[in-house]
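Participant: Here is what each chain is made of, one letter per residue.
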Amino acid sequence: MRARGLFILVIAAAAAAGFGMPHLLPGYLVNILTEALIFGLFAMSLDLMIGYTRLESFGHAAAYGLGAYASALLLLSFDIPMLIVIPMAAIITGVVAMPIAWVCTRSTGISFAMLTLAFAQLFYASVYQFKDFSGGSDGIAGIARRAGPFGIDFFQTKIGYFYLVLIILILSFLFCRSLVASPFGQVLAGIRENEVKTRTLGYNTRAYRMVIVVLAYAFGGLAGALYAPLAGFASPELFFWRMSGMVLIMVIIGGRGTLVGPILGGAVFLFLEHELSALPMVRELWPLIFGSIFIAVILFAPQGLWGLFRSWREKRRIGVVSKPQSDAPHAAS
Amino acid sequence: MKNDKPTAKVESGKKIDRVFRTVTRRKVLSGGIAATAVLAAPAFLHKTAKAATGPIKIGLPTVVTGGYAELGSHVIRTSKLVESMVNGSGGILGRQIEFVVADTQGNPAAAVRKTQELVERHGCHLITGVVVSSEARAIMPKLKEWDTLFVSHGNGDGRLTTPQFLVPNFFRANVSAPMGARALALYLKDDPAKEYIAIGSDYAWGQSSVKAFDEQISILGKKLVDKVMTPVGNKDYATYITKVMRSGAKGCYVALQGDEARAFYTQATQYGLAEKMPLYTEIVSQSNIKALGKSAAGLVGGSRYAYTQDTPQNKAFVQAFTKAHPGQLPDWTDGEIYQALAVLFAGMKKANSAEPDALVEALEDLEVTSIKGAIKIRKCDHQGMNPGIVVKVVDGPNGAVPEIVKIYSREVATPDCGKTTFS
Amino acid sequence: MDFLGFLITQCLNALSQASVLLFLACGLTLIFGIMRIINFAHGAIFMLGAYVGHTIVVLTGQFWLALIAAPLVVAGIGALFEMFLLSRLYARRDGGAYLMITFGLAIVLSEAVRLIWGAQPKGIDLPEVLTGVVFLLDQPFPIYRLFLIGLGVSASIALWQFLERTRTGLLIRAVSQNPEMVHALGTDIRIVRTGVFALGCGLAAFGGILATPLFGAYLAMGNNVVVDAFVIVIIGGMGSFLGSVIGSIMVGFVQVFGAYYFPSMALSLLYLLMLTVLIVRPGGLLGKEE
Numbered sequence: 182m183r184a185r186g187l188f189i190l191v192i193a194a195a196a197a198a199g200f201g202m203p204h205l206l207p208g209y210l211v212n213i214l215t216e217a218l219i220f221g222l223f224a225m226s227l228d229l230m231i232g233y234t235r236l237e238s239f240g241h242a243a244a245y246g247l248g249a250y251a252s253a254l255l256l257l258s259f260d261i262p263m264l265i266v267i268p269m270a271a272i273i274t275g276v277v278a279m280p281i282a283w284v285c286t287r288s289t290g291i292s293f294a295m296l297t298l299a300f301a302q303l304f305y306a307s308v309y310q311f312k313d314f315s316g317g318s319d320g321i322a323g324i325a326r327r328a329g330p331f332g333i334d335f336f337q338t339k340i341g342y343f344y345l346v347l348i349i350l351i352l353s354f355l356f357c358r359s360l361v362a363s364p365f366g367q368v369l370a371g372i373r374e375n376e377v378k379t380r381t382l383g384y385n386t387r388a389y390r391m392v393i394v395v396l397a398y399a400f401g402g403l404a405g406a407l408y409a410p411l412a413g414f415a416s417p418e419l420f421f422w423r424m425s426g427m428v429l430i431m432v433i434i435g436g437r438g439t440l441v442g443p444i445l446g447g448a449v450f451l452f453l454e455h456e457l458s459a460l461p462m463v464r465e466l467w468p469l470i471f472g473s474i475f476i477a478v479i480l481f482a483p484q485g486l487w488g489l490f491r492s493w494r495e496k497r498r499i500g501v502v503s504k505p506q507s508d509a510p511h512a513a514s
Numbered sequence: 407m408k409n410d411k412p413t414a415k416v417e418s419g420k421k422i423d424r425v426f427r428t429v430t431r432r433k434v435l436s437g438g439i440a441a442t443a444v445l446a447a448p449a450f451l452h453k454t455a456k457a458a459t460g461p462i463k464i465g466l467p468t469v470v471t472g473g474y475a476e477l478g479s480h481v482i483r484t485s486k487l488v489e490s491m492v493n494g495s496g497g498i499l500g501r502q503i504e505f506v507v508a509d510t511q512g513n514p515a516a517a518v519r520k521t522q523e524l525v526e527r528h529g530c531h532l533i534t535g536v537v538v539s540s541e542a543r544a545i546m547p548k549l550k551e552w553d554t555l556f557v558s559h560g561n562g563d564g565r566l567t568t569p570q571f572l573v574p575n576f577f578r579a580n581v582s583a584p585m586g587a588r589a590l591a592l593y594l595k596d597d598p599a600k601e602y603i604a605i606g607s608d609y610a611w612g613q614s615s616v617k618a619f620d621e622q623i624s625i626l627g628k629k630l631v632d633k634v635m636t637p638v639g640n641k642d643y644a645t646y647i648t649k650v651m652r653s654g655a656k657g658c659y660v661a662l663q664g665d666e667a668r669a670f671y672t673q674a675t676q677y678g679l680a681e682k683m684p685l686y687t688e689i690v691s692q693s694n695i696k697a698l699g700k701s702a703a704g705l706v707g708g709s710r711y712a713y714t715q716d717t718p719q720n721k722a723f724v725q726a727f728t729k730a731h732p733g734q735l736p737d738w739t740d741g742e743i744y745q746a747l748a749v750l751f752a753g754m755k756k757a758n759s760a761e762p763d764a765l766v767e768a769l770e771d772l773e774v775t776s777i778k779g780a781i782k783i784r785k786c787d788h789q790g791m792n793p794g795i796v797v798k799v800v801d802g803p804n805g806a807v808p809e810i811v812k813i814y815s816r817e818v819a820t821p822d823c824g825k826t827t828f829s
Numbered sequence: 002m003d004f005l006g007f008l009i010t011q012c013l014n015a016l017s018q019a020s021v022l023l024f025l026a027c028g029l030t031l032i033f034g035i036m037r038i039i040n041f042a043h044g045a046i047f048m049l050g051a052y053v054g055h056t057i058v059v060l061t062g063q064f065w066l067a068l069i070a071a072p073l074v075v076a077g078i079g080a081l082f083e084m085f086l087l088s089r090l091y092a093r094r095d096g097g098a099y100l101m102i103t104f105g106l107a108i109v110l111s112e113a114v115r116l117i118w119g120a121q122p123k124g125i126d127l128p129e130v131l132t133g134v135v136f137l138l139d140q141p142f143p144i145y146r147l148f149l150i151g152l153g154v155s156a157s158i159a160l161w162q163f164l165e166r167t168r169t170g171l172l173i174r175a176v177s178q179n180p181e182m183v184h185a186l187g188t189d190i191r192i193v194r195t196g197v198f199a200l201g202c203g204l205a206a207f208g209g210i211l212a213t214p215l216f217g218a219y220l221a222m223g224n225n226v227v228v229d230a231f232v233i234v235i236i237g238g239m240g241s242f243l244g245s246v247i248g249s250i251m252v253g254f255v256q257v258f259g260a261y262y263f264p265s266m267a268l269s270l271l272y273l274l275m276l277t278v279l280i281v282r283p284g285g286l287l288g289k290e291e
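Residue numbers (the working numbering), protein chains in the order written: chain A, 182 to 514; chain B, 407 to 829; chain C, 2 to 291.
These are calculated hints, taken from the structure and not from any lab test. Hints may contain errors.
[To be verified] Below, simulated BS3-like cross-link-like pairs (lysine-lysine); rule was C-alpha separation at most 25 Å, straight line:
1. B:K700 to C:K123
2. B:K550 to A:K339
3. B:K550 to B:K755
4. B:K629 to B:K798
5. B:K700 to B:K812
6. C:K123 to B:K729
7. B:K798 to C:K123
8. B:K595 to B:K629
9. B:K696 to C:K123
10. B:K825 to B:K633
11. B:K825 to A:K312
12. B:K633 to A:K312
13. A:K312 to B:K617
14. B:K649 to A:K312
Turn these sequences into a full structure, and let the hints guide you.
Facilitator: In structure tokens, the structure reads:
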């Protein structure tokens, strides 16, 4: 009950916030907000691997970059409407992820993390190597948000694009949430807690891990595919290891294994970075403060920001109910 | 662009605000969403409308933190100097000028975000000081949407002023990569050597430079025996230096910048490369001379700007600079940002306006006497016609000095209109 | 003859490159072996070592002093960080927490360096003995790089002997294999952890100061080098000291010969090497799979 109430609250708040917000804000903030939501989607996709299956990927930038380059190249080379290009790019990313998933899931733990990193860096290097195709260090610029199909051009505008991202984020969230709550998700949870035991129960755990990696890449690719038309360009930095590190931090700062947390983490990360660096009195100092905030969050909020929020709610509940109950089986672990 | 397309371009900033305000009230009434207002409020307070009075705001989306911070710090220090100089003498068009700095970290994604904020939050419809070429490339397609003018002070990729990338609101006041290579190639005309090798950083500027140098020396009947392109961010040049030494070339053309250049020169000195063949570089920078120490002497190179140039404007600038920064000398970025601003101000005076549209018209075919002499901003491709300067580093009583050995006229040094080649 | 000279030069190039990376990689792998921490801040610590070393050279004019003192200073900073911040996280047994706190440290350190030393890059003048070239079959080779190779070889042997032969080394290896057991036997493993973290930081700083005469001290110097170090540690096997030595040499050779013969693939080769090794041996050459 409680979980359901919370869930509805979150969705309602997100929808209300989303649908009113853009009209309240000056244009540049709409774009930043859009980018924040995209980062949220990106972080959420990684949470499928980290939070639900304990597959710590160190190379999730590969998904983002693939999605962004796929949508950039599709938009520039073919006359396909943006609304079709974006899901196409996500599917392409998922397909490319299949062999990657096959190779990476042979390992777990640190080896898995490093294999994913190797693939991401390989993509990064390839962008430089296949210049004619990828634009090399120049990246790809001048990506247009092409209208259609059926003459829909609302999503081309700044505010329209924001709505598009918001809708996709909410749909993705709902999908992922039902996924982790499904029997499939239960097996994933089993893998996370004790893979050997799950295997002895007769599940082909490697197949499950492969599926979740492919799905995580596809959603990461979706985020990248949304990013390219927003920024109007794609550059090799999208594949770089620092991007992978950043998204990992977003997931942790928000709270692993909660789906909502990483979305929050992605948005907070971008806003903090942006707003801190814009404050005139701290302009020179902002990275110092930024870094210190990470250290503080991890020291004082081990479960991330969402965990902090939940334990605060928990405390208020304990004030009323005498005994703390074990967590309801909703999104959080 | 339905919601934010301005009807009258000149007053777009105000128009946008008005549209937002009316929509806002309706939405607040119908939506009833207090929570969002809390989030929105702090940023909302910062919002400033573009005004025809008050200070002229110039945005500097430059690199404050991260790997290119040195170049960004030069942009900022000279802009601040210009700010105090101009405002001290009554401003431009009777208005003060004001620079707003934003930190792009050298990352094109952040550059777009930050520049958009400079435009829409701080009302800067004039920008300069962009350090990295890829940042410039990411910003350029957005200029029209933002109704913003961008004057480059240091973006070297030759293609920025070709039809491939040029946009109406972009101007380049500075020397581009092909121009640097051109001046150097012309200087090498009298060099008896016929075969050279090129080493360049494998990104837009490096590729552009090496290509132009190759074309230029082949016109002179010389050739490149090899082009060595090194990955971006490379640090250990041992294997490349070995390659250059074994190439049999009689001179080495270097198109590396910043940290890469410093690493290369330091290591090349350790291998004694300069004793084996002369080094020619496209940009002689103060910080590289400093890093090279004793081994800097003898280096010949193109120069986007040399503080030793003998023009009255330059002497005044160097004097003001050394007064503001005792013990330091202006580097090429300082000179080029100073010139870019001089071009911008001359345009304002000519147009009697600081509005982007009026400025675009005024900058086209603008003649200005800058620290490097007479500069012309061409109408056809928005490229600034700069003289081609070649310097040689010599030992002086206070350390190595880039001495100007040759200045080619701006007609000879600037490529054909909209091209990266010379006729 | 000419080709032989070339071959020797390139091999020495590779070994000198490996020497700088070795110190960085050994620090990483030691810290990982004992604490299961992937230290994101390693690149920043490498850079800090270079800047501290630069300052010592400027103040005293002594390169040799800087070579000893800079790693000590940085090791001290590392020890403080471990004692006051990192140690609070051990009870959680959470890799993500380590990642995040070291990520925060990396940002803080990088910016502290910029605020203290400014954006201008710094160089170091080498002492007279280390400048100049020697000719090997008519090919010039810098004396400083020979010095690096010598240092790399002797430091590897010294560290190896330290880990294999001394009581402290035994203790460190024991903690990396079974910390609970060591703790139960009455040894304070807190001191071991602090010491190893400090040692790892000191080694990185040592690499930093050794690198300064090659490419100067500047703000981005840790950025790409740290990825190379990661690759080495992974190729060698996380936590394996000997693996890191072998990994460093492999990476040095791949970079030097790869960039010479396949310049357009210079960036990819390293990762292809890493992928190949991991596919054949998921735990790395000398590591065991987790």
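Participant: So, against the hints stated earlier in the document, which numbers end up violated here?
Facilitator: Violated hints: none at all, because every hint is consistent with the structure.
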